[in-house]
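In order, the protein sequences belong to chains A and B. According to the working numbering, the stretch in the first sequence is residues 5 to 419, in order. According to the working numbering, the stretch in the second sequence is residues 5 to 419, in order.
Where hints are given, some of them may not hold.
Since the list can't tell identical chains apart, any single copy or any two copies may satisfy a pair.
Mimicking BS3-like on lysine-lysine, the simulated pairs with C-alpha atoms at most 30 Å apart in a straight line are [to be verified]:
id	residue 1	residue 2
1	K377	K124
2	K124	K81
3	K302	K374
4	K109	K374
5	K326	K108
6	K109	K322
7	K108	K374
8	K402	K108
9	K108	K377
10	K371	K108
11	K203	K81
12	K109	K402
Hints were generated in silico from the structure; no laboratory data involved.
There are 2 protein chains.
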Amino acid sequence: MTALDRLPGFRDFYPEPLPTPDAWSADLRQHVFDVWRQTSRRYGFREYDGPPLEPLELYTQKSGAEIVSQLFNFTDKGDREVSLRPEMTPTVARMVAAAERAYKKPIKWFSMPQLFRYEKQQKGRLREHFQLNCDIFGEVSTGADAEIVALLIDVLRGFGLTSEDFVIRLSSRTAWQQFFEQAGGNPTQAYDFYQVVDKLDREPSEVSGPKLQALGIQPETVQKFLLEGTPNSELASVLENLRARGLGDFVRVDYGIIRGLAYYTGIVFEAFDRKGEFRAIAGGGRYDGLVRQVSGGKLDLPALGFGMGDVVLAELLKARGKVPAFTSGVDAVVLIEDEALRSESLAVVQRLRDAGHAVDYSLVPQKADKQFKRAQELGARSTVRLESTPEGLRARIKQLSTRQERLVPADQVSL
Amino acid sequence: MTALDRLPGFRDFYPEPLPTPDAWSADLRQHVFDVWRQTSRRYGFREYDGPPLEPLELYTQKSGAEIVSQLFNFTDKGDREVSLRPEMTPTVARMVAAAERAYKKPIKWFSMPQLFRYEKQQKGRLREHFQLNCDIFGEVSTGADAEIVALLIDVLRGFGLTSEDFVIRLSSRTAWQQFFEQAGGNPTQAYDFYQVVDKLDREPSEVSGPKLQALGIQPETVQKFLLEGTPNSELASVLENLRARGLGDFVRVDYGIIRGLAYYTGIVFEAFDRKGEFRAIAGGGRYDGLVRQVSGGKLDLPALGFGMGDVVLAELLKARGKVPAFTSGVDAVVLIEDEALRSESLAVVQRLRDAGHAVDYSLVPQKADKQFKRAQELGARSTVRLESTPEGLRARIKQLSTRQERLVPADQVSL
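Kindly produce the complete structure, drawing on both the sequences and the hints.
Right under this line is the structure:
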């Protein structure tokens, strides 16, 4: 028998206070989930979820076979080729294609799935993360693009981040497509071109230059387009919409954003920390052709959305001091100093819990000072202790912050 | 290109109103999660989570190789034998073993993982479900058993179920073990014996009888024990504790409960609907040896807990009329009847969302009556509409239930 560890690249989430400084906090995860969910709901988005295991083909039909090297895929006991989901967009496109007739358009949905990629093993490189996915289906207007970008901004603001902390870089696949075709590129090679542009930041020009030339594009024209851009009515409309909401400070046009995935068709965007210390916090855009593809051509529904992972976000919140202090959540501790009163004390515990309070107590006989110390450690607001008095059983309720006490009949205890 | 469906035995969760009567509701799932989480917190339990993918050995070392036929297991790209988690207890035992020194005892933790089993494909038989797991580590006293059973009861009460709807059947592996040894059984065969007892309900006596005799046990003595039981101080103590909380009506001793899993060591229990229409709603018990096993013998920590799946629970809630009516959650719809006021209307949308309200509006120009109809469909409490007046821009706020209206300056809108 040996002690077993978890798999590399996977996380355990522990309650605070954390056992080690590098442990992942279940409380922080829940805080992230709460802000994600609450903000999405404020925007009128509805929650959905799909299976974490999907047919492998759901991913290969869109991204080609080369994606398989990055997947947790296998053959199941029914001889099906399956994969843990590496992203949520194909799943939601499948779900919408199957059920869209039942829903009024636009469909505004969100989900918070755990996603899996078989990444090369590196320090700090994870193989799973949670990702907020917000999508709108059935609306071609840029009003939808602006709504989805506004939601992204407000999710980040929900964590206490400001326009000093992050910026949304907006771009347009449409504009890049026009550039590529006007520069003499072959439309069937547009995606290869986007891939090169996507890596311009990371690849030296000796690598990217020849790649561009092979596609019939002069590298200088790309550099010029990156610097000067082009008038684009889609981007102008989104910017105007966001300014009307008072969110203009959170966005800027940046044609350096193009997004690596194959299926984007219109406006694309990424969220970055202003200091440039982290990878992209979130990214998304329009993918008007994906529902048609996933539905086998049966349904053509415009779509757009973004994804925001929990890992970079948590790093950013820690670096900017935006992680709240987490407590045990216990409201009161019932002190059982007289074991003869344990049964009656249990009735008090039950009464307070029935009233909605989080209540703890010692499961076994324990010295009074230890019980009180535990109440303090838990950050309880109150202690409750039963006392036999000539008038009957009384509960002494003490507020720990003010040390104020009150004495009430045991069957009328309340916080 | 063909339309892809999800894998058999896996669920999509859709927002209400549902697209088909047999679709799974994301809103109901969230309701289940909310009650699970809130009730666990009221009992002072803290949330944790672990990876959905674990080393295969975590399950085989405990349950033997035969469990593999029921697992979603595979060899990953790093040649590791891995499995989707079929249950949470080995994971939490591993996590506690790794970090218990950082936590005060008893450790009271809960989690709501999705679990996976490669079940034989049958109608309505799923291959994944969500399961509330509540566990206590580090306490041998029956006070802990009573606390965990009380939590189970209050979780079910949290859904509006009463003692008319469900009962907890309490039993004791210790009592069964004593019976087995006194009846002449070989202690090394105790688990084989429990397996036969576990199936007594489902197997005809022609099958179970010979099995018992092969273990050296007369079937009549088992029947007698089932009917008459035996004095057991553990069970008596748990019952007394629950009665002190006023929860006595929710439990009864039933030696027919023994639990199939190998690792239980003391009190065991299952929750059933009173009408006997469904499979067990929840089950659990003591597993004092598992942490020692998972830690490779390094740590010996008593433990107990229960699991409650979402599938049987959802069926029961539907059958007993305990599923609440779900709404869109939208508080207000901003009506944009004059497109010249779209920018100003977006500012109002933003102001209301910033104040924490869930707000929707039409992303594109739309007829006034359609917008109002949509507000009614969404169940919004209010509509807000901007009007240009001689005194400046005003917001007309209408409460849909009372039809009361008020007019305020656009920059002072509130609900």
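Using 30 Å as the alpha carbon limit, work out where K302 and K374 are close: within a copy, between copies, both or neither. Answer is between: at 28 Å across copies they meet the 30 Å cutoff, but 68 Å inside does not.
Intra- versus inter-subunit Cα pairing at 30 Å for K402 with K108: Between copies only: 23 Å across chains, 54 Å inside a chain, cut-off 30 Å.
From the Cα coordinates, with 30 Å as the cut-off, is the pair K326 and K108 best called within, between, both, or neither? Between copies only: 27 Å across chains, 38 Å inside a chain, cut-off 30 Å.
If the cut is 30 Å between Cα atoms, do K203 and K81 qualify within a copy, between copies, both or neither? between (40 Å within a copy, 26 Å between copies)
Alpha-carbon proximity context of K109 and K402, limit 30 Å: between (55 Å within a copy, 24 Å between copies)
Checking an output row: K124 and K81, CA cutoff 30 Å. Within, between, both or neither? both (27 Å within a copy, 10 Å between copies)
When Cα atoms must be at most 30 Å apart, do K371 and K108 count as within-copy, between-copy, both, or neither? between (62 Å within a copy, 15 Å between copies)
What label fits K109 with K322 when the C-alpha limit is 30 Å: within, between, both, or neither? between (38 Å within a copy, 29 Å between copies)
Within a copy, between copies, both or neither: which one fits K109 and K374 at a CA-CA cutoff of 30 Å? between (60 Å within a copy, 12 Å between copies)
Check K108 against K374 for me: Cα-Cα at most 30 Å, and say if that holds within a copy, between copies, both or neither. between (59 Å within a copy, 12 Å between copies)
Go through the copies and call it for K377 and K124: within, between, both or neither, with a Cα cutoff of 30 Å. Neither: 47 Å inside a copy, 52 Å across copies.
How do K108 and K377 come out at 30 Å by Cα distance, when the copy is not named: within, between, both, or neither? between (56 Å within a copy, 12 Å between copies)
Violated hint: 1 only; the structure is consistent with all others.
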